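Student: Build the full structure now, drawing on both the sequences and the hints.
Chain by chain, the residues run as shown.
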Amino acid sequence: METVVESDSEEQGRGGETEEEEEDDREPMKKSVSQELHLKVDELCPESYRVNSPDQIRLLAIADNFQRQYSLLYPDRKPLLLCPVNECGVRKFVSMTLRPTPTVFPEIFAWEGCASFVADFLSLDPLEPPVDLPRYLFSSSSVLQNQSATCFESATLLCSLLLGNHYDAYCVSGYAVREMCLMDRSLQECPLLDTQVKGKISEEEPQENKYTVKPLREMKSRFLTQLEQKKQEAEAEMLHKQKLQEETEQPPADPLRGLRVHCWVLVLSGSRSVRENFFIDPLSGNSYPSEDVNFLGIESVWNNLNYYVNMQDCRDGCADEQQLRVFEMPRSWVSYINISKKDLESRWPGRQEVTHYRKAKLEKFAVYLSQDGLVTRLTRYKDLDCTEVVMVRELYHQRNDHLVEREINEVDKFTTERFRRGRPFHLLFHRYTSNSTDTEREMEFSSDRGEDLLRRVESSDEMTESFEGRRDFLYCRHVVFQPQIKLSREDLESHLKVREIEKIVERFRRDGAKPASEDVAERVFLLNERRIELTYHLEDHRFIPSKRSFIKPLEATDKEKAEAFRLNMVSSFQVDPSEKPLKTLTLYQMLMSLMKSEEEVVLQVRNSKKEVQEIVDCREQEEEDLHLHLSPWTTSGVTQARSQREEMERLDAEERRWIQEKEKDVLAPLLLRLNDTETLSAGDAKQIHQDCLSGFKQRLVEQANLIQERYEKETQELQRKQRSFQKNQLHMTKGQEKDYQTYCTEKILRINVAKKRLKMHKEAAPHKYKALDQRLKRDPRLAPHLLY
Amino acid sequence: MFGVERLFLQQFWNILERSLGSAGCYVTVCKQQRQEVRIYLAKLVGVKYPTRMMSRGILMNEDLLQRAILEQEPKDKGQGIANEEGTQLDEILKLCLEFRNILRIDHLWEFTSLARLNLNNNLIENIEGLGHLINLTWLDLSFNGIELIEGLESLQKLELLNLSDNKISVLENMETLERLTHFSIANNLLGELDIVLYLRKFKNLFNINLFGNPCSKEGDYTLFIAAFFPDLKFLDYTLLDENTKKEASIKHRYVLEEMKCEELHKQKAEKAEQRKEAEAKLHNDAFVEFLNGSNLFKSMFNDDQEADKLHRVPEITDLLLTFEKQMGDLCEQVFETGLAEHKRRDKEVNCFFTGQNETVIEYQQKALHILANFEQQHKERTVDMRKISDRELLKVKINQCNDEINQLCKGLMTLEFQMVSQLEDITKRLDINISEMVGYFTEMVQGIFAQCRDLEDDYNGKVRVSALALLDDASKDNLDEFLPDDVRILFTDKETVMDALATGHDNHLMKINDRETQLVSRANSWKVALIKGIQDKDLKENRMRIKDLHRYMDHLLVQLEEFQ
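Residue numbers (my numbering), protein chains in the order written: chain R, 1 to 788; chain W, 1 to 564.
Please keep in mind that the hints were generated in silico from the structure rather than gathered at the bench.
Predicted model only: the values in this text are computed from it and were never measured.
Treat the hints with care, since some could be wrong.
Computed list of chain R residues with no C-beta within reach of chain W, every gap over 10 Å [what the hints assert, rightly or not]:
{"hint": "1", "residue": "Tyr70"}
{"hint": "2", "residue": "Pro75"}
{"hint": "3", "residue": "Cys190"}
{"hint": "4", "residue": "Gln226"}
{"hint": "5", "residue": "Pro255"}
{"hint": "6", "residue": "Trp348"}
{"hint": "7", "residue": "Asp652"}
So the derived list for chain R, only partly shown, Cβ under 8 Å to chain W, looks like this [unchecked claim]:
{"hint": "8", "residue": "Tyr211"}
{"hint": "9", "residue": "His541"}
{"hint": "10", "residue": "Arg542"}
{"hint": "11", "residue": "Phe543"}
{"hint": "12", "residue": "Ile544"}
{"hint": "13", "residue": "Arg548"}
Backbone N, C-alpha and C define an ideal beta-carbon position, used for all residues, glycine too.
Tutor: Now the structure itself:
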C-alpha cells in the first residue's frame, strides 16, 4: 500500500507539474522559478522534502477525503488550502509545513521582533490570480534563502517562529482588503511622521486655589466677536472642504473586494502574557485587533497540530470549529529554520527597502550599507503624486561626527541637525540655512559644556545666548550688531570678522543673597551712545524697579586729557526713598567696574562669534572626513574590521619584504645598469663582480681618507691654538687660560678618537673586503658564472 | 593687590618659620634670623620695620588712623572724588595698621562697617576696643604680645582670626564666633592638644595653624587633629588627605566614638526640647493649650481643702474618679477639635497667602511690561529730541512726552486699583471663610463645655446626696470606722459641708466658664487681628506703590526739564 500511495503522490506531484505547464502562459515567472528550484532542490533537499512518509501519506488521504466531503456538503464554498505542493513538487499537508523553531537572538524573541523581521526580510510574491489559493507552499527554509514569499509562505514562517517562541499562534487563510494583500501603503500616513515628541503629559495641575483672582472681564464688542466667529467658521468650513477634496482623491473602490485571498497569523491569548487575541499581518509586521475591518473573512485556521475550518457564514466574525482529530499529526517535513545574525542585520532583500506612504517615501538601509551611515530617509511631499518635496529627514547610525538626525526643510531651506553627546563644542542641535557665518542659525549645547551655555540663536544683525545655572545668575545675553553697510567685497570680508556691536542686553535672575535694590536684573551696554543702563530687580510688592544710567567719560586722546567723572554722568532712580543715595565714590567705582565688565562682555561676544565660525568649520571638516564607528557586535562590522586588519597586515608585510630586499641586495645598483637582469652572461657576471669589489674597495679607501683628513684637521687646529697661546700667554686672564685648557683637552680627545678609528678601520677593511668577495661568490645570480 | 602680596609674604614667612622649627634648630638659631627675615620682609612690603629695641611703642589716635586711611585710598581718579567728598569712618571696609608699634587698640569705635582689620606686628598685649566692629570678618593680630583671648564676643561675623606669634596658652572666650573658617594660633604657648579640642564647636573650620606650639611637638599631633576635626581641610597650610584622615580615625577611634556618642545624646536632648517647645506653641496657636489630659480638671479642684477631705470618703472618691474620666474625655475632645481646626485654618491662610502672592506677581509682571514699553518709546523720543534744534518743535515734543508720561501714570494707576480691588475681594473671601471656621470651632467647643457643666452639675448632685447620707450617718454616729478623723470631724457640721459643696460647685463652674471664654475670645481676636493685619499691609503697600509712581513721574519730568 505504501508504494502505491507513494507513487500516487508522485503522480500527483507530476500532475501538479503538468497542470502547471498548462498554465504556462498565465504565470511564466512562477514557473521558471519553481522549475529552477526543482532542479536545484532535487539534489540539495533532504529526503523529507522529496518523499512522503507513511504517516504523511495517510494524512494526505484523510485530507483528500475531507476535501471531497466538504465540497459535497458546501458546494458554494471555495476549496480549502490543505495539501499544496512544495518546492520539490511533493504534496504536503499545511500543518506539517509549520516547523516550530526557537530563536537564539533576543531581537526576535518577542512577536514584534519576529513580525517585523519576517515583514522586512521577505519581499512579497503576490498571488496570481489574487482571488485563488496558491498551488504552491514552499518550505520556510527555502523561502528564507530566496527572500521572496507569498503571503502564505510569510505567514507560515512567522507562525513557525512564534510557535517556537511559545506563542499560541495559527496561520489564517481568508480574505482581506487590497491594500493589505498587495502591501500597498500609499494610502496610509507614514508611521514615522507622528513620532514628533508630544509634550510631556502636563504635570499635575496645582490644586485650584480659591484665592486666585479671576481675570478681569474684558470689554468687548459683541458685534466684533460675532464677526470673528463667522470668520473662523468660514475658515473651518474651508478646511473641511479641502479635506473632503483630499479624500475624494482616493482611488475608486476595489472590484475584487472580499475576494482577495490573504493569509495572516492569529495569536491567541493565554500564552506569554498575551492578554487578547490579535492578528499579525506577515507582510507589514503590524498587529491588528481581531475585529479589524481590513480582514474580511476567514476560511480556515491551522497550527502545527490541527486544522480548523470556519463553519460560520464567512462574513461573520471568527469563531472556529474543530474539524480534525484523527491521529497525532506527524512531524514536520521542513528542516530546521536557520536565521543567521547576518540575516537579521541585512534585514531587507538587497539590504535596503523603499516604502511609499501617503505623501511620503520611507527608505531604509541596513547598518553600514551606505558610507555616510544613513539608515533611514523619510521624504515628505506636498502632493499626493509625490513630486514636490517638502522635507527630507535622515537618520544616521554610528557616525564619527555623532550626527544622528538631519532634517532638510525644502520650504524654508533650513537644515536641522541633531547630535549625540560627546562631540566637539558639545553641540547637540544645529539649525541653519547655509554655512556662511552671517545667516540665521541656532545651536544648542549639552550641559556637559562648562560655561553653562544652552542655546545660541543668530540672525544677521543679532545674537542671543541663553545660559543656565551660572554663578552670576546671567540667563540671557542679547547682542545687536550695527547694521551692515554694503561694501565692496574686500571690505566685506574684513568687516565680517569684527562686526561693530551696537548694544548688549544682559538679563540676570534674582540672586537671593542680595537685596533687590542691589541686584541687577538687566544690564544694557549701549556702545554707540557710550551709555550703560542698569535696571534692578523689583522689590516685594512694588511696581517700579530702581534704575541707574551711566555715561562713560571720554578716554584720553592725543590732544585731550581723559574726561573727569562728574555726578551728572549718572542718573539714578531709587524706588525706596528711605534709602540713602549712593556716594559719588561708590558710583564712580561702580562705573569703573561696569566699564571693565563691558570690555569683558564684548570680548565674550567676539569669542562667541569666533566659536560659531569654528563650529561651522569643524562641521565642514567632519563632513569631509567622515567614517563610521564599527561595532564589533555586528557581522558587517566584524567583516569590515577584519578586512581592514587584513589590508593593514598586507601592507605591513609588503613593506617589510621591500625593506628586507633592499637591505640584502648589494648588487641591485649594478644590476640596474644592465638592461636585462634576468639572464646574466658570464662576462657580465665577472664584470659585475669586479665592479662591485672595486666599488667597495674605493669606498673603504674613501672612508679611511675621511678619517685621516679629520685627524689632520684637528691636529692642525690644536697646533695653531697652542702657538697662539704661547704667544699671548702672558696677557691672558685666568678665564681665557681655563678656556684654552678645556679646548685643548677636547681637541686631544678628538684626535685620539680619530687615530683609534683609523687604526680600527685599517684592521677591519681587509676582512670586510674578503667577506664581500665571499658573499658575491655565493650569490645565486653570480655564482654559476664565477665558478667557471 | 598689594594686600594680597603682603598676605602671601606673611604666609611665606610662616611656612619658613615652620620649616625652621621642624628642623629642630628653632630655639637656638632662629631668634636672630627671624628678626633678620622680618626686617627683610618689611622692606619688601615697603614698610619701615621698627626694631623694638630702638623705637618705643605708640598709642593709637585719630591722627594715626587718618594717615592709615589716606594711605590705602585708591591712587587713581577716584582719589580726587574721595577727597572732595571726604570719607566717613563708618563706611570704611578695610584698615591696615601693621608694623606701627601700636601699644593699645583704641579709637576704633566709629569704624562700624569695617570688615577687615590688620593689626599684626605691633606691640599689643590685650585684645580690647573691638566691641563695635560687628561686621568684622577678618582680624589679624599676629606678631603681638597677647596672652589672653578676650574681647571678641561681639564679632559674630568673624571668619578669619590670626593670633599667631603671641603668648597665648589657653583657647577661651570664642563661643560666639560661629562662622570661623580660618584660625591661626601658630607659635604660641598652647601646652596640650586637649586645649585645641575647644575648636570642635566651630563647624565651618577649614584651616587651622598650630605649628610652633609646645603641643604640636607631640608625635601624633597631625593625626590627633585629623581625627578630632574630620571636616578640616588644611592643617598648617598642608592638605589633610583622605589617607591621613582614615589613619587618624582608626587610631583614635575609641575616644572618637565615645565623643560622638556624647554629642549624639546632647543633640537628641536638644531636639526633644525643641520638639516640646514646638508642640507647646502649636497647642497655644490652636487655643487649646493644657486641655489634653486632666489639666482642667485638676485646676478645678486646686486649693479646696474641704473638698479634699470629702474626697476621702470612698463613695465620693468613686464619683470623683468617674467624673475625672468623663471630664478628661471631654477635654480631649476639645483638644482634638482644636488641633484639627487649627490645621484647617492654617491651610486656609496659607492658601490665601499663595493666592495673594500670585496675584501680586502677576500684576508686577504686567506693570513691568507697561514700563518696558513706555521706556522703549521714551528713549526713542528723547533721542529724537536731542537732535531737534528748533525751539517750537522741541516744545511740542516735550508736551507730547509729558502726555505720554501722564498716560503711563494713568495706566499704572489703573493697574494698581485693579489689583487693590482684587486683593480686597480675596481678603473679604478669607474673612468670610475664616469667620465661618472660627464660628464653627467656638460653637463646637461651647457645646462640649456645656457638657462639662452638665457633668459638674451631675457630679455635684451626686456628691450632695452621698454627703447628706453621710451627714445623716454622722448624726446617728453611724459613720464608717475607717474614715480618717478630720473627715469625721467635718461631717459633724452639716453647714460647713453644704457650704463647701456649694462654693466648690460654683468654683468649678467658674473655672470651666473661664476656660471657655478664654478660648473663644482668643480665637475671635486672632481672626480679627489676622484680617486687620492683611488689610493694613495691603493699604501700606498700596500707598507705597502710589508714592513710588509719583516719584518716578517726578524723576521723568525732571529729566524732561533738562531739555528746556
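Student: Against this structure, judge whether each hint is valid.
Tutor: Verification of the hints:
Non-interface status of tyrosine 70 (chain R) relative to chain W is upheld: no Cβ of that chain comes within 10 Å, the nearest being about 76 Å off. Once the 10 Å rule is applied to beta carbons, proline 75 (chain R) is consistent with being away from chain W; the minimum gap is 80 Å. Distance to chain W confirms cysteine 190 (chain R) as a non-interface residue, since its nearest Cβ pair spans about 43 Å, more than 10 Å. For glutamine 226 (chain R), the requirement that its beta carbon stay farther than 10 Å from each beta carbon of chain W is met, with the minimum near 28 Å.
Chain W leaves proline 255 (chain R) outside its interface by the beta-carbon criterion, the shortest separation being 65 Å against a cut-off of 10 Å. With a closest Cβ-Cβ approach of about 56 Å to chain W, tryptophan 348 (chain R) is found to remain outside the 10 Å limit, as its non-interface label requires. Every C-beta of chain W lies more than 10 Å from that of aspartate 652 (chain R), the closest at about 47 Å, which supports listing it as non-interface. Given the 8 Å rule on beta carbons, the hint for tyrosine 211 (chain R) holds: about 3 Å separates it from the nearest Cβ of chain W.
Hint on histidine 541 (chain R) holds. Least Cβ distance to chain W is approximately 4 Å, under the 8 Å limit. Interface restraint check: arginine 542 (chain R) against chain W, minimum CB-CB distance 6 Å, threshold 8 Å, status holds. Hint status for phenylalanine 543 (chain R): holds, given a least beta-carbon distance of 4 Å to chain W, under 8 Å. Interface restraint check: isoleucine 544 (chain R) against chain W, minimum CB-CB distance 5 Å, threshold 8 Å, status holds.
Checking arginine 548 (chain R) against chain W: minimum C-beta separation of about 12 Å lies over 8 Å; hint violated.
In summary, the one numbered hint that this structure violates is 13.
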